[in-house]
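Got chain P; can you put chains D, F and Y on it based on the hints?
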Amino acid sequence: MEIEVFFFGVLADVTGIRQKHYNDVGSFADLRHRIEDEFPEIVHYTFRIAVNNEIVNDEPLLSGGDEVALLPPFAGG
Amino acid sequence: MEIEVFFFGVLADVTGIRQKHYNDVGSFADLRHRIEDEFPEIVHYTFRIAVNNEIVNDEPLLSGGDEVALLPPFAGG
Amino acid sequence: MDILLTDGPVGISVISGLIAKAGSLKDAGGHSLFLGQVRSDVSDNKTVKAIEYSVFEKMAESAAGKIKAIIFSEFSDVRAVEIVHAAGLVQAGEISLFVMISAGHRQQAVDACRKTVELVKQRLPVWKKEIFDDGTQKWQQNI
Amino acid sequence: MDILLTDGPVGISVISGLIAKAGSLKDAGGHSLFLGQVRSDVSDNKTVKAIEYSVFEKMAESAAGKIKAIIFSEFSDVRAVEIVHAAGLVQAGEISLFVMISAGHRQQAVDACRKTVELVKQRLPVWKKEIFDDGTQKWQQNI
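Chains as they are written, first to last, in our numbering: chain P, 1 to 77; chain D, 1001 to 1077; chain F, 2001 to 2143; chain Y, 3001 to 3143.
Just chain P, with the same shape it has in the complex (with noise of 0.2 Å):
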């Protein structure tokens, strides 16, 4: 399946962008290996995981077309 990625904070730093597209996504695991073996430092980061939008658990059910957010802990105000 298809899934739009999105790396906010300081990880757009670490990744070098904002948003990347993956192919043949089997799961979210395999995403996750997918997006390590290509940003080795991300790792290091603490981050909690969105899918379209709404903060789910560790290994969501992807499906096509999902967008994916990796947050790290929010600093606003």
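What the hints contain is simulated information worked out from the structure, not anything from laboratory work. It cannot be assumed that every hint is accurate.
[What the hints assert, rightly or not] Under the rule of at most 27 Å between Cα atoms (straight-line distance), these lysine-lysine pairs were calculated in the DSS-like manner: (1) Y/3046 x F/2026; (2) Y/3026 x F/2138; (3) Y/3115 x F/2115; (4) P/20 x Y/3129; (5) F/2068 x Y/3115; (6) P/20 x Y/3138; (7) Y/3026 x F/2049; (8) Y/3046 x F/2115; (9) F/2046 x Y/3021; (10) F/2129 x Y/3026; (11) Y/3129 x F/2021; (12) F/2121 x Y/3138; (13) Y/3026 x F/2026; (14) F/2138 x D/1020; (15) D/1020 x F/2068; (16) F/2021 x Y/3058; (17) Y/3046 x F/2049.
Okay, now just chains D, F and Y, sitting in the frame of chain P:
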């Protein structure tokens, strides 16, 4: 001595005036009696006394030229 | 000057001006503001149309100075205290009181603002008369 | 709309507009406001010149909606909740956050405002990078 008296809040309505000059005032007690004789309704109201813009106890020592203000409970805001 | 007394309601331009001024406090991280507004209370089938405030102006200045001294002594993180009160007629929906506390961090800003409002109600020599929609009037005390 | 995201600092005209709008709430007796301002903090001999905020806009709207739902359910006297957050670059001395709570009486206005600010800091998907006077930058977490 000469004393200027100011009536605030409801007391301005009770007396019908905001300010009055009193001549030949002997003491605060004397002043108070004269005010109460002139405006008998005033005894039904609670108020504090300020002399020269500072709140004082009930029987302040007055000096000529003092300004005495009669202050109902504050209700700002 | 420790208090600004406005002739009529506290207008938006006074409020904007004080907020804009607070931007010059580069070590302030937060401002806590309270705006008191005349409410259309209903009692005995009458609705409050306006409140007329009378102020003992000479004493208000020194009372506000004492309030500020209390706030600065209790809240070490506070950088600035602004107090504005309306004098005269204020219609329902208009602002009668404006308090702004600027502080390094939000906690003391909020606590100091709340305390300033309480002190204003206790200590500022101000009186208010409610004016109802049927033309009657009533002196009102703070509860 | 549950949140307004400004491009750059929260400007005085946005703030004035929301305050003016609150005058139409005739049953509101008080408004409690909080303004978060970028502070010129000093660390390691460097001074904060600005903060760059990035916001996950699609999620911010729903997060703000949930915050408002919490406030309205906990504070029955609250009439209106306004949340404005800056996105992009905000210089020291400029406003990054604006919260305004309108309520019938001051106590709930103040309590609800404090709670809204805490919820904004916990739940709003916003990140900030401090920009120092020597040109260096640092992602910052809320403490």
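*residue 2129 of chain F paired with residue 3026 of chain Y [C-alpha distance capped at 27 Å]*: 18 Å, holds
*Could you grab the alpha-carbon distance between residue 2138 of chain F and residue 1020 of chain D and see if it respects the 27 Å cut-off?*
Measuring from Cα to Cα gives roughly 24 Å; hence the hint holds.
*Is the hinted pair residue 2021 of chain F and residue 3058 of chain Y satisfied, with a Cα-Cα distance of at most 27 Å?*
Cα-Cα ~34 Å, so violated.
_Holds or violated: residue 3026 of chain Y and residue 2026 of chain F, Cα atoms, limit 27 Å._
36 Å, violated
*Is the straight-line distance between the alpha-carbon of residue 3115 of chain Y and that of residue 2115 of chain F 27 Å or less?*
18 Å, holds
*Taking only the CA atoms, is the gap from residue 20 of chain P to residue 3129 of chain Y under or equal to 27 Å?*
Holds, because 22 Å separates the two Cα atoms, which is no more than 27 Å.
*Measure nothing beyond the straight line between the CA atoms of residue 2068 of chain F and residue 3115 of chain Y; if it is 27 Å or shorter, mark the hint as holding.*
Distance of about 26 Å is within 27 Å: holds.
*Between residue 3046 of chain Y and residue 2049 of chain F, is the straight-line Cα distance small enough, at 27 Å or below?*
55 Å, violated
*Is the Cα-Cα distance between residue 2121 of chain F and residue 3138 of chain Y 27 Å or less?*
45 Å, violated
*Satisfaction of hint between residue 2138 of chain F and residue 3026 of chain Y, Cα-Cα up to 27 Å*: Holds: residue 3026 of chain Y and residue 2138 of chain F sit about 19 Å apart, inside 27 Å.
*asked:* With the threshold set at 27 Å, check whether the alpha-carbon distance from residue 2046 of chain F to residue 3021 of chain Y stays at or below it.
replied: 25 Å, holds
_Hinted pair, alpha-carbon criterion (27 Å max): residue 3026 of chain Y, residue 2049 of chain F. Please report holds or violated._
10 Å, holds
Violated hints, listed in ascending order, are 8, 12, 13, 15, 16 and 17; each of the other numbered hints is respected by the structure.
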